[in-house]
Structure formats: C-alpha cells, structure tokens
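> Residue strings, one per chain:
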Amino acid sequence: MLSSLLRIAALIRKELLAILKDARTRNMLLIQPVIQLLIFGYAATLDLSNIPYAAFDRDRSAASSALLAKLDGSSAFQRIANITDPDEMRRLIDSRRVVLVVQIAPDFQRRLSAGQNAAVQVVADGRNSTTAGAALGSVNAAVESFNVDWRRDHGLAPPPVRLSPRAWYNPNLETRWNLVPALVGTITMMSTLMLAALSVAREREEGTFDQLLVAPFNPAEIMVGKAIPAMMIGLTQSTTALLVAQLWFRIPFAGSYLTLYAGLVLFLLAAVGIGLFVSSISATMQQGMLYAFVTIMPFALLSGLTTPISSMPRVIQAFTLINPLRYAIDLVHRVYLEGLGLDRLWPDLWPMAIIATVTLTAAAWMFRNRIE
Amino acid sequence: MTAPVIVGRDLRKRFKQRAGGTLDALASVSLEIAAGGVSALVGPDGSGKSTLIRMIAGLLSADAGELTVLGIDVAKDPQAIQDRIGYMPQRFGLYEDLSVQENLDLYADLHGVSAAVRAQKYPRLMEMTALGPFTGRLAGRLSGGMKQKLGLACALVRSPELLLLDDPTAGVDPLSRRELWEIIAALVRDEGVPVLISTSYLDEAERCDHVVVMHRGAVLAQGRPDDIAQVAAGRTFRAAPRGEESPRKLQARLLADPTVTDAAPEGGRVRIVCTTAPGDAAFAGLALEPVPARFEDAFMILQRAADATRAKMSTGPAPALRAEQLSGGVKAEVVVEVRDLVKRFGEFVAVDRIGFEVRRGEIFGLLGPNGAGKTTTFRMLCGLLTATSGTLNVDGADLRRSRAQARRKLGYVAQKFSLYGQLSVAENLDFFASAYGLAGAARRRRIDWVMDEFALHPLAGVLGGHLAGGFKQRLAMAAALLHEPDILFLDEATSGADPVARREFWGRVNALADQGVTVIVTTHFMAEAEYCDRIAILDSGRVLAQGAPAEIRSHALTEGNPEPTMDDAFIAVVEQARAAALQGRAA
Numbered sequence: 001m002l003s004s005l006l007r008i009a010a011l012i013r014k015e016l017l018a019i020l021k022d023a024r025t026r027n028m029l030l031i032q033p034v035i036q037l038l039i040f041g042y043a044a045t046l047d048l049s050n051i052p053y054a055a056f057d058r059d060r061s062a063a064s065s066a067l068l069a070k071l072d073g074s075s076a077f078q079r080i081a082n083i084t085d086p087d088e089m090r091r092l093i094d095s096r097r098v099v100l101v102v103q104i105a106p107d108f109q110r111r112l113s114a115g116q117n118a119a120v121q122v123v124a125d126g127r128n129s130t131t132a133g134a135a136l137g138s139v140n141a142a143v144e145s146f147n148v149d150w151r152r153d154h155g156l157a158p159p160p161v162r163l164s165p166r167a168w169y170n171p172n173l174e175t176r177w178n179l180v181p182a183l184v185g186t187i188t189m190m191s192t193l194m195l196a197a198l199s200v201a202r203e204r205e206e207g208t209f210d211q212l213l214v215a216p217f218n219p220a221e222i223m224v225g226k227a228i229p230a231m232m233i234g235l236t237q238s239t240t241a242l243l244v245a246q247l248w249f250r251i252p253f254a255g256s257y258l259t260l261y262a263g264l265v266l267f268l269l270a271a272v273g274i275g276l277f278v279s280s281i282s283a284t285m286q287q288g289m290l291y292a293f294v295t296i297m298p299f300a301l302l303s304g305l306t307t308p309i310s311s312m313p314r315v316i317q318a319f320t321l322i323n324p325l326r327y328a329i330d331l332v333h334r335v336y337l338e339g340l341g342l343d344r345l346w347p348d349l350w351p352m353a354i355i356a357t358v359t360l361t362a363a364a365w366m367f368r369n370r371i372e
Numbered sequence: 001m002t003a004p005v006i007v008g009r010d011l012r013k014r015f016k017q018r019a020g021g022t023l024d025a026l027a028s029v030s031l032e033i034a035a036g037g038v039s040a041l042v043g044p045d046g047s048g049k050s051t052l053i054r055m056i057a058g059l060l061s062a063d064a065g066e067l068t069v070l071g072i073d074v075a076k077d078p079q080a081i082q083d084r085i086g087y088m089p090q091r092f093g094l095y096e097d098l099s100v101q102e103n104l105d106l107y108a109d110l111h112g113v114s115a116a117v118r119a120q121k122y123p124r125l126m127e128m129t130a131l132g133p134f135t136g137r138l139a140g141r142l143s144g145g146m147k148q149k150l151g152l153a154c155a156l157v158r159s160p161e162l163l164l165l166d167d168p169t170a171g172v173d174p175l176s177r178r179e180l181w182e183i184i185a186a187l188v189r190d191e192g193v194p195v196l197i198s199t200s201y202l203d204e205a206e207r208c209d210h211v212v213v214m215h216r217g218a219v220l221a222q223g224r225p226d227d228i229a230q231v232a233a234g235r236t237f238r239a240a241p242r243g244e245e246s247p248r249k250l251q252a253r254l255l256a257d258p259t260v261t262d263a264a265p266e267g268g269r270v271r272i273v274c275t276t277a278p279g280d281a282a283f284a285g286l287a288l289e290p291v292p293a294r295f296e297d298a299f300m301i302l303q304r305a306a307d308a309t310r311a312k313m314s315t316g317p318a319p320a321l322r323a324e325q326l327s328g329g330v331k332a333e334v335v336v337e338v339r340d341l342v343k344r345f346g347e348f349v350a351v352d353r354i355g356f357e358v359r360r361g362e363i364f365g366l367l368g369p370n371g372a373g374k375t376t377t378f379r380m381l382c383g384l385l386t387a388t389s390g391t392l393n394v395d396g397a398d399l400r401r402s403r404a405q406a407r408r409k410l411g412y413v414a415q416k417f418s419l420y421g422q423l424s425v426a427e428n429l430d431f432f433a434s435a436y437g438l439a440g441a442a443r444r445r446r447i448d449w450v451m452d453e454f455a456l457h458p459l460a461g462v463l464g465g466h467l468a469g470g471f472k473q474r475l476a477m478a479a480a481l482l483h484e485p486d487i488l489f490l491d492e493a494t495s496g497a498d499p500v501a502r503r504e505f506w507g508r509v510n511a512l513a514d515q516g517v518t519v520i521v522t523t524h525f526m527a528e529a530e531y532c533d534r535i536a537i538l539d540s541g542r543v544l545a546q547g548a549p550a551e552i553r554s555h556a557l558t559e560g561n562p563e564p565t566m567d568d569a570f571i572a573v574v575e576q577a578r579a580a581a582l583q584g585r586a587a
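Taken in sequence, the protein lines are chains A and B.
First residue of the first sequence: 1, per this note's numbering; consecutive thereafter.
First residue of the second sequence: 1, per this note's numbering; consecutive thereafter.
In case anyone wonders, no lab produced these hints; they're calculated from the structure.
By construction, the Cβ of each residue, glycine as well, lies at the ideal position given by its N, Cα and C atoms.
Just to be clear, a hint being listed does not mean it is correct.
[Claimed, not checked] Covered by chain B, according to a simulated footprint, are these stretches of chain A (three or more residues, beta-carbon under 8 Å):
{"id": "1", "segment": "2 to 14"}
{"id": "2", "segment": "18 to 29"}
{"id": "3", "segment": "211 to 223"}
Construct all of the structure, not just a fragment, from the sequences and the given hints.
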C-alpha cells in the first residue's frame with residue numbers, strides 16, 4: 001500500500017514537472033484562463049448598449065419626437081441617421097449600419113390625440129436573431145414607457161396591468177453575472193480534458209508508456225497518477241477564475257467555498273475521466289487532440305452556457321445528460337449566486353459521479369488491454 | 001579522373017544549444033570527393049556527418065569556408081545544386097501516409113519531372129528496387145528495408161548528377177543492406193553517378209572507393225580504405241580463448257588491458273588491435289596470430305587516439321552495475337521459457353510457433369531482419385502484448401498475468417529512446433528510481449552510481465530530448481539498471497549507434513552478464529551475435545536456427561568460405577529457409 005502510494009507520488013511529480021517545466025505550457029495553463037475570462041467577461045455580454053438605429057419619422061410631431069427621445073434616452077440605442085426615404089431603410093440595414101429602423105406613420109400624433117391606436121413600425125435585421133430579439137425587447141420597453149407618460153400627461157387612466165419585475169440573484173440582470181461563473185467550469189474543463197487526453201497519447205507516441213507498463217505500476221496507479229496532476233491544474237485554474245470573477249468583475253459570492261470546491265473536484269474528476277478515456281483510445285497525440293476537440297465543442301455549446309437546455313430539441317437534451325459541464329455550470333450558479341448547500345445540489349452531483357466512475361474505469365481497462 | 005565533384009575548404013558550422021553554450025558541429029573540415037565511384041563519411045554520432053551532407057545538399061549554410069559542389073558555389077546558389085543532385089535524408093524522408101506510388105509521384109512533381117521521363121523512369125526504378133508489387137501500399141506499412149529502397153527511388157526520380165545518402169542503412173537488416181549496395185553498385189557502374197554516403201557500418205565503408213573518417217566535427221583521415229587500414233598494419237592479431245573461457249570473456253579481459261586498443265569477438269576467436277607492437281609478456285599464454293589490417297581496425301585506432309575519454313571507458317575495470325552480486329556465469333536454471341508462441345494481428349501472423357529457452361546468467365540474442373518478429377516477441381515477454389497462444393514464462397511468471405511486483409525483477413530498454421524528453425537526465429533517473437520503489441538515501445546512492453558508471457554527471461541538467469544519440473542510449477540503460485534487475489531486455493539497443501558506442505555498450509552487457517544478470521537482446525547487427533552465449537535467428541516470425549554463435553556460423557560453411565562471418569551465416573540461413581518454403585509451396 002505504501003509502496004503503491006510512493007509510486008503514485010512519483011508519477012504525480014513527474015507529470016507536474018513535465019507539464020510545468022516548459023514556460024510556454026505553464027503560461028498557457030495559468031495565464032490563459034485569466035485572459036479568456038477577461039475577454040469573455042467584457043465581450044461576450046448579451047446586454048445591449050449603443051445599438052445603432054435609424055429613425056424614419058414621417059410625422060415630425062411633438063408626439064413622435066417624444067417617442068424617439070425615449071429611445072435616445074436609454075443607453076441601449078444610438079440614433080445614427082434620420083431618413084426620409086424607404087429605399088434608404090433597406091440600404092442601411094443591408095449594409096449593417098443599423099440594426100433597427102423605427103418608422104412612425106404620418107398620422108401618429110393625430111390618431112393619439114383622437115384617442116385612437118397609433119402604429120409604430122420597427123424593422124429589425126433578423127440575420128442576427130439574438131441581437132434583433134434583444135433590441136426589439138428594448139424598443140418595447142421604450143414604447144411602454146412612452147405610453148405611461150402619454151396617459152399621465154393627457155389625464156388618462158393608467159394602463160390596467162403594470163409589470164413589476166424583480167430578478168433574484170442578479171438584480172440588474174447582468175449577463176456577466178450569469179456568464180463569468182459559468183466560465184469557471186467551461187475554461188477549466190477545456191484545459192483539463194485536453195491535458196488528460198494528451199497525457200497518455202503523448203506517452204504512447206513517445207514510447208514512454210511501455211516503460212511505465214514494464215515498471216511495477218498497475219493500471220489503477222497509472223490512472224490515479226495521471227488524473228491527480230490534471231485535477232490539480234484544473235483546480236488552480238478554477239481558483240484563478242473565481243478570483244477574477246470576484247476581485248475584478250466584483251460579482252458577489254453567495255455560497256460556501258467548501259461546497260463549491262467539493263462540486264468542482266467531482267466535476268474535474270469527470271472531465272479528467274473523459275480525457276483519459278479519449279487518451280486511452282488514441283494511438284498518437286494528433287488523434288488525442290482531434291478526439292478531445294470533437295468532445296469539447298459539443299460539451300461547451302450544449303451545456304446551457306449560451307442556450308437554455310430546456311429550449312433544445314429532445315434528442316439533444318438527452319445528450320446533455322452525459323455532459324459534465326451541464327451540471328458544473330448549474331452547480332457553480334447555484335453555489336455562487338444562490339448560495340445553496342451540498343444537500344440541495346444532489347441532482348448535479350450524482351450524474352457527475354457516475355460519469356467519472358464510468359470513464360475512469362473504462363480508461364484503466366483500456367490502458368492495459370488496448371492492443372495496436 | 002576528371003575534376004572532383006565536391007571540394008570543401010575549412011568548413012565550419014556552430015550550433016547554439018538550447019541549454020546554452022555552443023556546439024561545433026564542424027570545426028575546419030576540408031575534403032575532396034572525386035567524380036567517380038562511392039565515397040563514405042564515417043564517424044561516431046555527433047561527429048558531423050549529417051551536418052556535412054546537409055551542407056553539401058545546400059540545405060544548411062556554412063559559417064565559414066568554401067564549398068563547391070558540381071562546380072557550383074553552394075553558398076551562392078543552393079537551388080542550382082538541389083536541382084542537380086539526389087538527396088535521401090536520414091529516416092528516408094518518406095510520407096508515411098502516402099502510398100509507394102504517391103510518394104514517387106510527389107517527388108517527381110516536386111522536381112518537375114515530365115510525364116515522358118516518368119514513363120521511362122518508373123519501370124526501371126520499380127525493377128531495381130523490387131517495389132513493383134507494392135505500389136499501392138502505404139509507405140508507413142513498408143518494412144525498414146523497403147522504406148530504404150523507396151527513399152532511394154524517390155531520390156532517383158530525376159537522374160541526379162550526384163547522389164547523397166544520409167545513413168541509408170541504419171536499422172536495416174543484412175539482406176536489405178546487401179540489396180541496397182547492389183543497387184548503388186549498379187548505379188555507379190551503369191550511369192556513372194558519383195555517390196556520397198554516410199554510414200555507421202564500417203564493413204560498408206571498407207567497400208567504398210574513398211572514405212572520410214570524421215570525429216567531433218573534424219576529419220581524422222581520408223583516402224582509399226585500404227590505405228587508411230595501413231594505420232593498423234602490424235598491430236592486428238587473432239587469438240583463440242584457452243580452456244573454458246568464452247570468446248566474450250577473453251574480449252572483456254583484453255579490453256581492460258591498457259596495451260590493447262580494441263578487441264572484438266569474431267568467429268569464435270577474438271580479434272585484437274594492439275596499441276603498439278605487442279611484447280610477448282603482455283599476452284602470456286595467448287597464441288597471437290597476425291592478421292591483415294582492416295579498415296575497422298584503423299578506424300578504432302584513429303577514434304581512440306582522438307578521444308581520450310572514450311579510451312577510459314574500455315580500459316577501466318568492469319563497471320559494477322549491481323550493488324548486490326549475483327554469482328556470475330551461466331547456470332542450468334531456465335529463466336525464460338518460450339514454447340509454441342503465436343501472435344496474430346488480424347490475418348497477419350507476426351510470430352509463428354517460436355520456442356527458445358534462456359538460462360540464468362546467459363546473454364541470449366534474437367537476430368533477424370526488420371519484421372522478423374523480434375520486437376513482437378520481446379513485447380510479449382515483457383507483458384506489453386498478449387500472446388495469441390503458446391507458453392511464456394519469465395522467471396517463473398507470465399508477465400502478462402502476473403502482478404506488477406513481478407515486473408520489478410526486469411529491466412527493459414526499448415528500441416527507440418523512450419524516456420521523458422522534456423525532463424532532465426537527473427529528473428528521468430529520479431522518476432524511474434521512485435517508480436521502482438527506491439527512496440531516500442538508497443535512491444540517491446543508486447542514482448549517483450549509475451550516473452558515475454554512464455558518465456552522466458556533467459549532463460544531469462540536460463533535457464533527455466536534447467541528448468545526442470549515444471547519450472540517450474546510456475541514459476536508457478542507466479534507467480533500466482537503477483533497480484538492479486535480474487533480467488534485462490534490450491530491444492535493438494545498438495540500432496543507429498556508432499561503432500565506438502556499440503563497443504562500449506557490449507562492454508557493459510558483458511560486465512552485467514559476469515555479475516549474473518540474464519540479458520536478452522535483439523539486434524540486426526549480425527556481428528554482435530558474437531557477444532552472445534546463444535542466439536536464435538528469426539525470419540517471418542519463425543526461428544530458423546538457434547545455438548551458440550559457432551553452431552550458427554557453421555550453416556554457411558562451404559569450401560569457398562571456410563571462415564564465414566555471422567552476416568554470411570544469416571544470409572545463408574534465411575535463404576535456405578526461404579528456398580525450402582518455396583519448394584514446399586511448389587510441392
């Protein structure tokens with residue numbers, strides 16, 4: 001037992017040396033997560049601001065100006081043109097200079113004053129449906145606000161139903177609050193899975209794996225010795241990412257670190273298990289790299305990070321059940337933003353435990369039994 | 001003779017090393033290669049052979065000096081030279097994922113060979129290399145000998161005015177080597193193409209018209225091999241061992257003698273090169289029989305004289321590679337037993353019902369061409385591969401099924417360098433020592449010990465991947481000996497190693513066997529069979545012959561060849577077996 005532990009310790013030391021000795025790899029693993037987090041934290045925000053739009057005001061009345069002022073007054077929109085010609089509308093949208101054109105009919109004020117319904121047409125560039133959808137939502141809000149003002153100023157009764165939204169755990173509904181904690185899992189998975197996937201493939205390609213098999217290591221020892229260093233690096237990355245989320249982005253941490261790390265360890269175990277399994281079936285590093293890529297991409301895209309899993313087709317939803325990142329993102333959100341304890345996280349924990357057990361067992365078996 | 005094809009004056013090339021410092025790959029090399037015939041570059045690893053060939057091919061520029069190839073100044077117009085020469089790099093320069101035909105087409109395209117020329121050239125190349133039936137096969141699936149011939153064919157797709165071959169026979173068996181030399185001879189004879197070849201086989205160099213002996217980036221001698229051999233004139237002898245002593249024991253004893261430059265077992269006796277003309281007293285009791293000097297003798301004298309540190313290795317006492325002495329000598333106890341062993345990969349039978357026994361303390365050699373099944377057998381012995389059927393027993397255990405602890409008793413040096421290239425020498429040793437359960441002071445002591453024995457101390461901080469070939473081999477051996485194994489498996493350990501390094505290697509193996517370690521080696525250097533107590537010759541997965549070296553040699557005994565070499569014996573045994581197989585098929 002002791003000799004077995006010593007052998008595992010030797011393997012861990014060797015793995016860490018081999019990975020961290022090269023300055024480029026070291027930077028890649030420790031600095032790259034910070035850079036990614038900063039880039040995604042700033043760039044990949046879904047909160048819209050300064051959306052370019054054009055006004056096609058065919059009424060040119062006080063009412064139409066008031067409506068446009070509502071749009072201009074919100075930080076979401078920026079008017080870059082006033083147009084007078086329908087052809088211009090097409091040109092602006094086709095050339096992507098604006099996302100929206102707001103067209104106000106010539107009888108806008110007249111109809112409003114007469115107590116009738118007045119229409120405002122909004123033409124959006126549907127080629128980027130996400131942006132267009134979000135922009136239309138913002139227009140809606142502006143129009144809503146205009147309605148309320150108009151009724152008040154003209155002594156009319158307020159609208160019968162009024163929405164009073166409150167967002168729990170993220171009061172200002174900042175995408176960043178959602179995205180950055182989720183990236184803790186995503187970024188970590190990418191490097192740990194890749195590290196694990198290449199580790200055995202690399203040894204196989206360089207012939208050093210035979211040397212390990214000839215030494216008194218048993219497959220389980222090799223696997224533990226390979227899994228732990230990858231997990232150590234993964235945990236270092238998660239920690240860095242958490243620090244950036246709190247110290248730089250100032251996203252308040254609601255839960256317990258112990259709970260979060262317990263969940264992360266389980267998640268990394270699953271990610272490393274998948275990586276080692278990929279590694280055990282690849283003969284060369286190139287194969288390992290390719291397999292890892294085809295695994296990581298769907299895992300990252302179908303994790304609920306960008307699209308809610310509940311809106312995916314049934315078949316894809318079934319696939320996400322074997323995606324450890326799906327559970328990890330949920331877990332990080334719940335601990336980070338909601339502050340849940342381990343007892344409530346069970347639905348996220350057990351699937352990751354199963355994924356880890358299955359992949360690690362399969363990998364250990366493949367180590368010894370895979371024959372070229 | 002017309003004007004020389006290659007003239008180099010005072011060529012220098014210095015490389016920056018990753019670990020800092022510089023390496024003089026070429027330090028003032030001057031040479032002249034005549035227009036006709038075959039010239040050879042010989043020398044140990046790192047002596048600058050490849051650097052020089054690449055420079056002549058215009059692939060590398062000299063730091064200083066003048067180099068003229070085919071009358072063209074290389075520094076001014078490397079492209080003009082590349083348009084006129086054929087060059088085959090080390091490891092043959094093939095695209096392993098392309099078929100034989102695609103490789104040829106690719107080289108023809110790269111050199112702009114017209115369709116008309118191809119139509120005329122291809123059949124001739126195919127006939128010459130006997131690759132015709134394999135045009136559709138992927139280059140990566142060819143045997144070493146076939147790859148080598150394909151590499152040559154690719155270098156010959158357009159008719160070159162000069163052919164440069166960088167170590168074409170490294171890791172290739174005697175039959176394939178002989179075929180390659182026949183092709184080269186025909187090329188020189190029929191087309192008059194001058195050939196420059198670098199090689200670590202001294203018997204090949206001896207066959208050339210002109211030889212350049214290199215050492216650490218300098219030229220030690222150049223001229224006709226016969227003339228260079230005269231350096232050793234009057235200093236070469238042969239002696240038979242007395243009584244019970246085996247030739248390799250005698251060889252080890254002689255090498256330890258300071259008045260002996262070189263000793264190698266040969267045909268049941270030992271060939272000796274003396275440092276000076278010997279006094280009788282030095283070899284009391286040995287009947288010295290003078291023999292004509294060969295190129296190899298002169299080569300060893302030149303190398304030893306140029307490199308004092310190498311000499312220390314062979315004259316020192318036998319290295320103590322084990323702390324705990326096993327009693328030396330071959331015992332009756334069988335430690336490795338193989339019976340009816342079969343390994344199939346799908347349809348392909350890699351190992352076909354082979355059997356042999358190895359006794360404790362014996363040096364046992366598995367010899368055979370590439371693809372004969374040596375490595376497959378080895379991997380099964382070490383438990384890296386499952387046998388399809390048959391019995392396999394290593395020191396009382398089947399390593400495939402036995403616990404990890406049983407593997408503690410064996411050491412394994414793989415065919416290609418298989419330690420961690422990204423770790424330093426010290427870190428590699430540290431890891432393997434811990435892997436075998438060494439800890440604390442014991443670990444430090446063993447590591448110190450092997451580093452002493454293999455002269456690795458100055459290289460402790462160098463990354464494994466940056467070591468020169470010979471030192472990689474030393475490191476691999478050192479790592480395999482850390483845990484004092486009882487059985488040592490050495491797979492093609494001398495493949496690609498230079499003659500001096502090979503001599504050192506066998507000195508160590510000898511010393512280990514003396515200390516009671518059982519050593520099993522595979523090699524395709526047939527001459528190395530002389531170091532073994534017993535050998536088995538493998539071809540196409542079957543054992544063709546086994547026994548002591550003298551028994552094997554007797555297979556090639558004819559009136560015309562009363563003293564056959566191991567190469568002759570190998571070729572005779574393989575050809576007899578192949579002929580018998582053909583007859584069997586016909587009947």
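> Check whether three or more residues of the segment 18 to 29 of chain A sit with their beta carbon closer than 8 Å to a beta carbon of chain B.
Our answer is that it holds, as 3 residues pass the Cβ test (under 8 Å) against chain B, meeting three.
> Please check whether the segment 2 to 14 of chain A has three or more residues whose CB lies within less than 8 Å of a CB on chain B.
holds (count 8)
> Does the segment 211 to 223 of chain A contain three or more residues whose Cβ lies closer than 8 Å to a Cβ of chain B?
Since 9 is at least three, the answer is holds.
Checked against the numbered hints given earlier, this structure breaks none of them.
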